[in-house]
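Line by line, the protein sequences give chains A and B. The opening position of the first sequence corresponds to residue 1 in the numbering used here, with each subsequent residue numbered one higher. The opening position of the second sequence corresponds to residue 1 in the numbering used here, with each subsequent residue numbered one higher.
Calculated directly from the structure, the hints in this document are not laboratory data. Think of the CB as a built atom: it goes at the ideal place given N, C-alpha and C, for glycine as much as any other residue. The reader is advised that the hints may include incorrect statements.
Partial chain A-side listing against chain B, Cβ under 8 Å, derived [unchecked claim]:
#1 A56
#2 P76
#3 R77
#4 A92
#5 L93
#6 D95
#7 N96
#8 S101
#9 G106
#10 E108
#11 V116
#12 D119
Every beta carbon over 12 Å from chain B, so not counted as near; a handful from chain A, in silico [as the list claims (entries may be wrong)]:
#13 P32
#14 P134
#15 A145
#16 E194
#17 V229
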Amino acid sequence: MSTQTPLVELKNMSISFGGVHAVDDVSVDLYPGEVVGLLGHNGAGKSTLIKMLSGAYAADSGEIRINGKVATIHNPRDARRYNIETIYQTLALADNLDAASNLFLGRELVTSLGFVDDDAMESEVRKIMARLNPNFQKFSDPVSALSGGQRQSVAIARAVYFDAKILIMDEPTAALGPQETKMVSELIERLKSEGIGIFLISHDIHDVMHLCDRASVMKNGKLVGTVDVKDVTDDDLLGMIILGKHPHGADGK
Amino acid sequence: MQPDQNTAQNFFSKLGIDLRLLGMIGALAVLCIMFDLITGGRFLTPRNLFNLSVQTASVAVMATGMVFVIVTRNIDLSVGSLLGFIGMAAAAIQVHVLPDIVGLGHWSIWIIAAVFAVLMGAVIGAMQGWIIGYLTVPAFIVTLGGFLVYRGAMWWITQGQTVAPLDPSFRLMGGGADGTLGETLSWIFGLVASIAAVGLILASRRRKASHGFTVKPVWAEGILIALAAGLILGYVWIMNSYKIAKGALPRIAEARGVEMVDGLVLNHGVAIPVIILLGVTIVMTLVSTRTRFGRYVYATGGNPEAAELSGINTRLLTVKVFSLMGALTGISAIIASARLGAVDVGLGTLDELRVIAAAVIGGTALSGGFGTIYGAVIGALIMQTLQSGMASVGVDAPLQSIVVGMVLVFAVYIDIVYRRKTGA
Ligand SMILES: Nc1ncnc2c1ncn2[C@@H]1O[C@H](COP(=O)(O)OP(=O)(O)O)[C@@H](O)[C@H]1O
Ligand SMILES: [Mg+2]
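Okay, chain A solo, but in the shape it has when bound (with noise of 0.2 Å):
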């Protein structure tokens, strides 16, 4: 793997919120084909950190880049560009409007005509829906009206849609119940057979040594460390998360 090109680098990422370093000089990187899990306690800067890649913060410092090139990356817009697509951990839904406006928020179809296209993207979440998770039958009601397992369903059925290269889950299957979080266990071992790379962040420790390849462990901000998961122990993981410690033997990359 690592005479391959990494397809996203994140170099030596900062930044702070009124004197709060929520992300400070923290560097990962992702191959096609990989799961990279996301560790660490609340307020470690998981999430701050994916944002910076999702375009959501623009970072103080650092470098991203994407296939080796250095990419510009303000706002979500740009980060769409790079095929870059989002599972936030607040799921980002418009709440008073219905799944598949939700879905294709910003990228609508339209008619020749330029008018929006209700019907056809109905008809469109409709097919990924039976795909994903059968049992979502609220099509024209507004997404509040939604349990939070339909609500993550449809977050995650936007984040695959629209063919992403780069896919980042923060905290996917907070809200689901045992069958759904198994379909999206299914859903990521199948995305990372297309050469999709997956940054995966979760408590779930169990879920990171079953579908992740490496993991890295954030705390306080800073990284503690990547790992191959082939040789740590859960035991090892946890240390390091509580005591932001690295595990003797296993150096990462």
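Starting from the known structure of chain A, arrange chain B with the ligands on it as the hints suggest.
Frame of chain A; chain B with the ligands shown alone:
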């Protein structure tokens, strides 16, 4: 729940008419019937309905724009003053400026003045939107400032003097006895509008069916078509039975190219400001439901952060929304000034409150994200009906204000209860 209430609800939901729309129409009907009973049949007359619809036009046009403003979690307190300022400026150029350039009574005066009014509104609105979106001064403050600035600026144009008389063609847009389509054109208009409405209903049904979605039952679609066509043609019929007064008859006969004979009867027909309102309503409905811009307005109101993360430039959107509000205020300024035939410094006073009240009574939520164009128009109609009705019953002006104020608060309370119940 009683079974018959259940079937009634089922009936209306099959028709695709929601409870809110039904409530507004019900309130309007109750008001009309009540005033008609109290006045002994003097309220629901062609004459009164003509005046009512003309008087509603100016506020209703602005209310459609206020929907977008409020949906995006903003407010515009400046529209009344801006209407006065634009009205005064457009009056001044057609009375004091254009005659010197193109000649007194030239045919192009009304067009130049009208385009000027709309552009002036769009530019001033965009400026306010820029201060709100990019300099992040709250809309409440920016437009409160505008409220004072434009009323003051209006005074400046003529040092407080009334500007009159406005160009005769321009005045047609205010909808007096002259400013109507006339009988024949009104019928043609009614037919075209009915056919268009039916066509739209059928086209939407075909589109839905082609995607394999469930469509309304045929009988429901039939009732909707009958309602739409009946409403349009019924309105035209009533306007076409409002007789032109004797005094104006020779003038109107000449304008319409009819020979003036003894016993000639001419009727008003649909007023031009009502046509303008209908046009604005259709365009704004299309914008709100079928364009990207409209979609982004609602998305931003529902969750500004999500809209931003979806790549929507919410700052620029704010500029556009306020610019649109300004352009619509320009249209209302044309209607209001043309209707009066003269502009004094009081033009548009308190209109901001009427416009906001119309939007809110029509179901626009001040917390953002929810509101419909047709709701705002019906809201404006309810407000005007209440006001005209009380006037015709002989309620004095202070009490009118008191009633309108209380109705506004009550209507919003009902709306909040409704939202809580439906979880919307
Ligand atoms: N927009 C913001 N403004 C101020 N502080 C922020 C903002 N976003 C994140 N932070 C702070 O940055 C730190 C990291 O937060 P976050 O990235 O959400 O952590 P995690 O996702 O690892 O739980 C926290 O201290 C949080 O309070
Ligand atoms: Mg987080």
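Verification of the hints:
1. A least Cβ separation of about 6 Å between A56(A) and chain B falls short of the 8 Å threshold, and the interface hint therefore holds.
2. For the restraint placing P76(A) at the interface with chain B, the shortest Cβ-Cβ distance is roughly 5 Å, inside the 8 Å limit, so the hint holds.
3. With 8 Å as the threshold, the beta carbon of R77(A) comes within range of chain B, its nearest partner Cβ sitting at about 4 Å, so the hint holds.
4. A hinted interface residue such as A92(A) counts as satisfied when its beta carbon comes closer than 8 Å to some beta carbon of chain B; here the least separation is about 4 Å, so the hint holds.
5. Because the closest C-beta pair between L93(A) and chain B is about 6 Å apart, less than 8 Å, the hint holds.
6. Checking D95(A) against chain B by beta carbon gives a least distance of about 5 Å; that is within 8 Å, so the hint holds.
7. Given hint, N96(A) at the interface with chain B, holds; its Cβ is 4 Å from that chain's nearest Cβ, closer than 8 Å.
8. A hinted interface residue such as S101(A) counts as satisfied when its beta carbon comes closer than 8 Å to some beta carbon of chain B; here the least separation is about 6 Å, so the hint holds.
9. Because the beta carbon of G106(A) sits about 4 Å from the nearest beta carbon in chain B, less than 8 Å, this interface hint is met.
10. Interface hint at E108(A): satisfied, since its Cβ lies 5 Å from the closest Cβ of chain B, which is below the 8 Å cut-off.
11. A distance limit of 8 Å between C-beta atoms decides the matter here; for V116(A) the minimum to chain B is near 6 Å, and the interface restraint holds.
12. For the restraint placing D119(A) at the interface with chain B, the shortest Cβ-Cβ distance is roughly 5 Å, inside the 8 Å limit, so the hint holds.
13. Every beta carbon of chain B lies more than 12 Å from that of P32(A), the smallest distance being close to 24 Å; the non-interface claim holds.
14. Non-interface call for P134(A) relative to chain B: holds, since the shortest CB-CB distance, roughly 17 Å, exceeds 12 Å.
15. A beta-carbon of chain B is positioned within 12 Å of the beta-carbon of A145(A); the least distance is around 6 Å.
16. Interface exclusion of E194(A) from chain B stands, the closest Cβ pair being 24 Å apart, more than 12 Å.
17. With a cut of 12 Å on Cβ distances, V229(A) stays outside the contact zone with chain B, its closest approach being about 30 Å.
Comparing the model with each numbered hint stated earlier shows that hint 15 is the single one that does not hold.
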